[in-house]
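Model the full assembly from the supplied sequences, consistent with the hints where possible.
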Amino acid sequence: MSFLRFSFIYLLIIIAVIALISFLIIRAYNKRLEKIAKGELRDTHSNIPEPRTTIGVTYKTILMGVLIFTFFTVSFVSGRLSSLQNTINDLKSSQHMIDMDICELREDLRQSESLVSSFSGEFVGYDLEKKTADLLFHVSLKQYSDDTVISLVLNDHTVTLTKTTPGTFSGKITANLFEKCSDLKICIKEGNLTKVESSDFLLFPFVDALPMPIFELNTNYSEHFGESKFDGWYRIVFDRPELMQKIQTVTVSYMVDGSAIKTFDATSQVKELVQIPWDQDIATDNFQEYVGLRVEVVTEHFIIDTLHTIVERPNVHSNFSYENIYDSDGTLLWNNEKYD
21 MSFLRFSFIY
31 LLIIIAVIAL
41 ISFLIIRAYN
51 KRLEKIAKGE
61 LRDTHSNIPE
71 PRTTIGVTYK
81 TILMGVLIFT
91 FFTVSFVSGR
101 LSSLQNTIND
111 LKSSQHMIDM
121 DICELREDLR
131 QSESLVSSFS
141 GEFVGYDLEK
151 KTADLLFHVS
161 LKQYSDDTVI
171 SLVLNDHTVT
181 LTKTTPGTFS
191 GKITANLFEK
201 CSDLKICIKE
211 GNLTKVESSD
221 FLLFPFVDAL
231 PMPIFELNTN
241 YSEHFGESKF
251 DGWYRIVFDR
261 PELMQKIQTV
271 TVSYMVDGSA
281 IKTFDATSQV
291 KELVQIPWDQ
301 DIATDNFQEY
311 VGLRVEVVTE
321 HFIIDTLHTI
331 VERPNVHSNF
341 SYENIYDSDG
351 TLLWNNEKYD
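My numbering numbers the first residue of the sequence shown as 21 and each following residue consecutively.
Check before you lean on any hint, since a few could be wrong.
What the hints assert, rightly or not - List of simulated lysine-lysine pairs, PhoX-like, C-alpha gap at most 25 Å: (1) K192 <-> K150; (2) K162 <-> K183; (3) K249 <-> K282; (4) K192 <-> K215.
To be verified - So the derived label-pair ranges between C-beta atoms look like this: (5) V144 <-> N355: 21 to 29 Å; (6) W253 <-> L101: 45 to 53 Å; (7) D154 <-> I122: 32 to 40 Å.
Source of the hints: derived by calculation from the structure; they are not laboratory data. We treat Cβ as the ideally placed atom computed from N, Cα and C, and that holds for glycine.
Structural data, given as structure tokens:
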């Protein structure tokens, strides 16, 4: 029997007992009044309470019983809900573990069926004038023969690899500097039979060839009585500092709701890696969407445009993105939609 059913029956029994007691008391009281009226009893004093008193006590008793019943019921339901939530969390955790095990099994199965024992691809060089990037690949096989031929297909590029050591093949692909290099296919030909395997290779060559800025921030934002306040500093740095020598100028713009409210030359601060204090003049309570920094890096061949959002309503958070890359003539070569 469940707790709720037991509690309900228990409450009904209490109500029935109280009702029976009240009925017996009222009946005894009425009989005593009849005897007094007939003169059979002279003493009107009685230990039997009046019906009004009985009804009041009965009402209070029933109310107390209902309160006790409600308290235990709520406690029981809360406990069951907590237990149910724990069960749900355990099931989610178990499902997550099962999904991980399935992924591992699929990967193990893929690895067992694959003829490739190891694969690597790396960025090894570039030509900024031609806007090209050189990618070097190495493939090692579990089984091979003297007749084994391996070729790679990357986007619209195809190359046949050269055997460098027993079971290992290498080759180079020259790709567009601004194309997304992914969905690489490894074609293994053995006699008249060719097997094609996929790779999770992904590379954006321009990231390794150009001085791509990133931000270091120690900036605080707060709102008090409808007024916004910024303080702290930021610094513009680069993943590959050796490419900083390619920089000609760096321009920083303070952006509010898509409009530049202040632009200045930050070339010296960037090259010296100094901390730039946040300009208090942009602290305003008038912006509706976001406040951020737009940085334009100019090199001999390219213009790199980036945006770092410092505050974005309604949720206050920071967000960084590469926006556009142009050549020196202003022709768009890449935008962030191609970065997905």
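Status of each hint after checking the structure:
Of the supplied pair hints, the one linking K192 and K150 holds, its CA atoms being roughly 17 Å apart against a limit of 25 Å. Of the supplied pair hints, the one linking K162 and K183 holds, its CA atoms being roughly 14 Å apart against a limit of 25 Å. Simply put, K249 and K282 have alpha-carbon atoms about 17 Å apart, close enough for the 25 Å limit, and the pair holds. Restraint check: the Cα-Cα separation between K192 and K215 comes to about 21 Å, which is no more than 25 Å; the hinted pair holds.
The hinted window of 21 to 29 Å between V144 and N355 holds, with their beta carbons roughly 26 Å apart. At roughly 49 Å, the beta-carbon separation of W253 and L101 lies within the given 45 to 53 Å, and the hint holds. Between D154 and I122 the CB atoms are about 39 Å apart, so this pair conforms to the stated range of 32 to 40 Å.
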